[in-house]
Every structure is written in C-alpha cells, then in structure tokens.
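Please build the complete structure, drawing on both the sequences and the hints.
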Amino acid sequence: MQEESVSELLGACYEAKRIVGLMPKLPQGMKPSHIHVIDVINQLQQRNGSVRVSDIGAALHVTNPGVTRLVNELVELKAVEKAQSSEDKRVVTVRLTALGKDYLEKYIEEYHREVAGRLAGMSDEDIRMAAGVIHDAYQILSGGEMATR
8 MQEESVSELL GACYEAKRIV GLMPKLPQGM KPSHIHVIDV INQLQQRNGS
58 VRVSDIGAAL HVTNPGVTRL VNELVELKAV EKAQSSEDKR VVTVRLTALG
108 KDYLEKYIEE YHREVAGRLA GMSDEDIRMA AGVIHDAYQI LSGGEMATR
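For the sequence shown, my numbering puts the final residue at 156, and the numbers step up evenly by one.
Honestly, the hints are just simulated from the structure, not real lab data.
Incorrect hints may have been included.
Keeping only pairs whose Cα atoms sit at most 16 Å apart, straight-line, the calculated EDC-like set for lysine to aspartate or glutamate is [as the list claims (entries may be wrong)]:
| id | residue 1 | residue 2 |
| --- | --- | --- |
| 1 | 32 | 116 |
| 2 | 32 | 117 |
| 3 | 32 | 83 |
| 4 | 108 | 88 |
| 5 | 32 | 88 |
| 6 | 89 | 112 |
| 7 | 113 | 46 |
| 8 | 32 | 112 |
| 9 | 38 | 80 |
| 10 | 108 | 46 |
| 11 | 85 | 109 |
| 12 | 38 | 94 |
Cβ-Cβ distance ranges computed for the label pairs, FRET-style [claimed, not checked]:
| id | residue 1 | residue 2 | range |
| --- | --- | --- | --- |
| 13 | 128 | 18 | 18 to 26 Å |
| 14 | 90 | 140 | 36 to 44 Å |
| 15 | 11 | 94 | 23 to 31 Å |
| 16 | 105 | 19 | 31 to 39 Å |
| 17 | 134 | 50 | 13 to 21 Å |
| 18 | 124 | 11 | 14 to 22 Å |
| 19 | 137 | 97 | 36 to 44 Å |
| 20 | 76 | 104 | 34 to 42 Å |
| 21 | 38 | 139 | 21 to 29 Å |
| 22 | 140 | 85 | 34 to 42 Å |
Values in this document were obtained by computation on a predicted structure and should not be read as measured data.
Backbone N, C-alpha and C fix where the C-beta goes; we use that ideal spot for every residue, glycine too.
This is how it looks when you write it as structure tokens:
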C-alpha cells in the first residue's frame, strides 16, 4: 500500500469521526460513546433477552473495565439499570430504563432514519463496503485480526 493511500484512508477516518459529531445535541453529561452503548444494549437485548456487561464489551471490542465505566455512567444518568444475577453474584445484567429507551428512539432510531434519508443517493453496498474497510483497518491497526467476509 502506498503512503498516499494511507493518507487518504486516515483522512476519511477523520471525516467519519466528524460524522458522529453531527448527531443532535446530547443531554447534559451524555457522550456519543454512551449512545453507542445504549444501541448495543438494545441490539443484544433483542437478540439474547438479557445482557451482561461482558456481552457489551465483546460487541464493542472493549475491555470489561472500560464497559463497566460506561455502564456505571449510564446508571448515574438514569438511562440504564444494573441487576446482579440471583444464581451467580459475579454476573451483572443491564437493561435500558424508560429514559434509555427515549434516548434510543431520539438519538439512534430517529437520527439513523434522518441519515438514511440524506444518504439515499448512496447504495447500501457502498455504505457497507466503506464501513467494512474502516472496521478492518481498525482491527488490523489495533492488533486484532481482519474480519472475514
């Protein structure tokens, strides 16, 4: 790969990060990473029913201490509730509160619909390819392995 191509990829990644900054203004104390965790909790809850902190970490490719910090911040913001398993006290599950579901609707579902409308001129294939390249580059550069497609 030529350095010029690397420069173009890194520039596109910088612009991709700026896209996140175009989200609607978040409530006091909320960060884009919180919204991402809310989205992952919702996806995992729909797929698996209950969601453990470790499930969130695996989905985000983040260490459990990092996820625990984000989840605890979301608990303080009253967007998430934690519960300890009655069978295994080491297992902590999380679920969205009514406020968390409101955030899901406004900052994820409504925003995604708006973005999808604005990007209607781009093909799903192009969007998936761009997302895949960014994901693979991150995996390789962070020491992980590239996903197989």
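Hint by hint, here is what the structure shows:
1. For the hint linking residue 32 to residue 116, the alpha-carbon distance of about 15 Å falls within 16 Å, and the restraint holds.
2. With a C-alpha separation of about 13 Å, the suggested pairing of residue 32 with residue 117 holds against the 16 Å cut-off.
3. Our distance criterion of 16 Å between C-alpha atoms is broken by residue 32 and residue 83, whose separation comes to about 19 Å.
4. Pair hint residue 108 plus residue 88 holds up; C-alpha atoms about 12 Å apart against a cutoff of 16 Å.
5. Taking the CA atoms of residue 32 and residue 88, the gap is near 23 Å; set against the 16 Å cutoff, the hint is violated.
6. Distance restraint check for residue 89 and residue 112: the Cα-Cα separation of roughly 21 Å exceeds the 16 Å cut-off, and the hinted pair is therefore not satisfied.
7. Of the supplied pair hints, the one linking residue 113 and residue 46 holds, its CA atoms being roughly 11 Å apart against a limit of 16 Å.
8. Proximity of residue 32 to residue 112 is assessed by CA-CA distance (about 14 Å); at most 16 Å being required, the pair is judged to hold.
9. Distance hint between residue 38 and residue 80 is fulfilled; the C-alpha atoms sit about 10 Å from each other, no more than 16 Å.
10. A hinted pair counts as satisfied when its Cα atoms are at most 16 Å apart, and residue 108 with residue 46 qualifies at roughly 10 Å.
11. For the suggested pair residue 85 and residue 109, the alpha carbons sit about 11 Å apart, so the restraint of at most 16 Å is met.
12. Taking the CA atoms of residue 38 and residue 94, the gap is near 33 Å; set against the 16 Å cutoff, the hint is violated.
13. Remark: the range hint 18 to 26 Å for residue 128 to residue 18 is upheld by a beta-carbon distance near 22 Å.
14. As the Cβ distance of residue 90 to residue 140 is approximately 39 Å, the hint placing it in 36 to 44 Å holds.
15. Judged by the Cβ atoms, the range 23 to 31 Å given for residue 11 and residue 94 is violated: they are separated by roughly 56 Å.
16. Between residue 105 and residue 19 the Cβ separation comes to about 38 Å, which falls inside the hinted range of 31 to 39 Å.
17. A hinted range of 13 to 21 Å for the beta carbons of residue 134 and residue 50 is consistent with their spacing of about 18 Å.
18. Between residue 124 and residue 11 the C-beta distance comes to about 34 Å, which lies outside the given range of 14 to 22 Å.
19. For residue 137 and residue 97, the hinted distance range of 36 to 44 Å is satisfied, since their beta carbons lie about 40 Å from each other.
20. Between residue 76 and residue 104 the CB atoms are about 18 Å apart, so this pair departs from the stated range of 34 to 42 Å.
21. For the pair residue 38 and residue 139, the supplied restraint of 21 to 29 Å holds, since their beta-carbon distance comes to about 25 Å.
22. Between residue 140 and residue 85 the beta carbon distance is about 37 Å. The supplied range of 34 to 42 Å therefore holds.
This entry does not satisfy hints 3, 5, 6, 12, 15, 18 and 20, going by the numbered hints stated previously.
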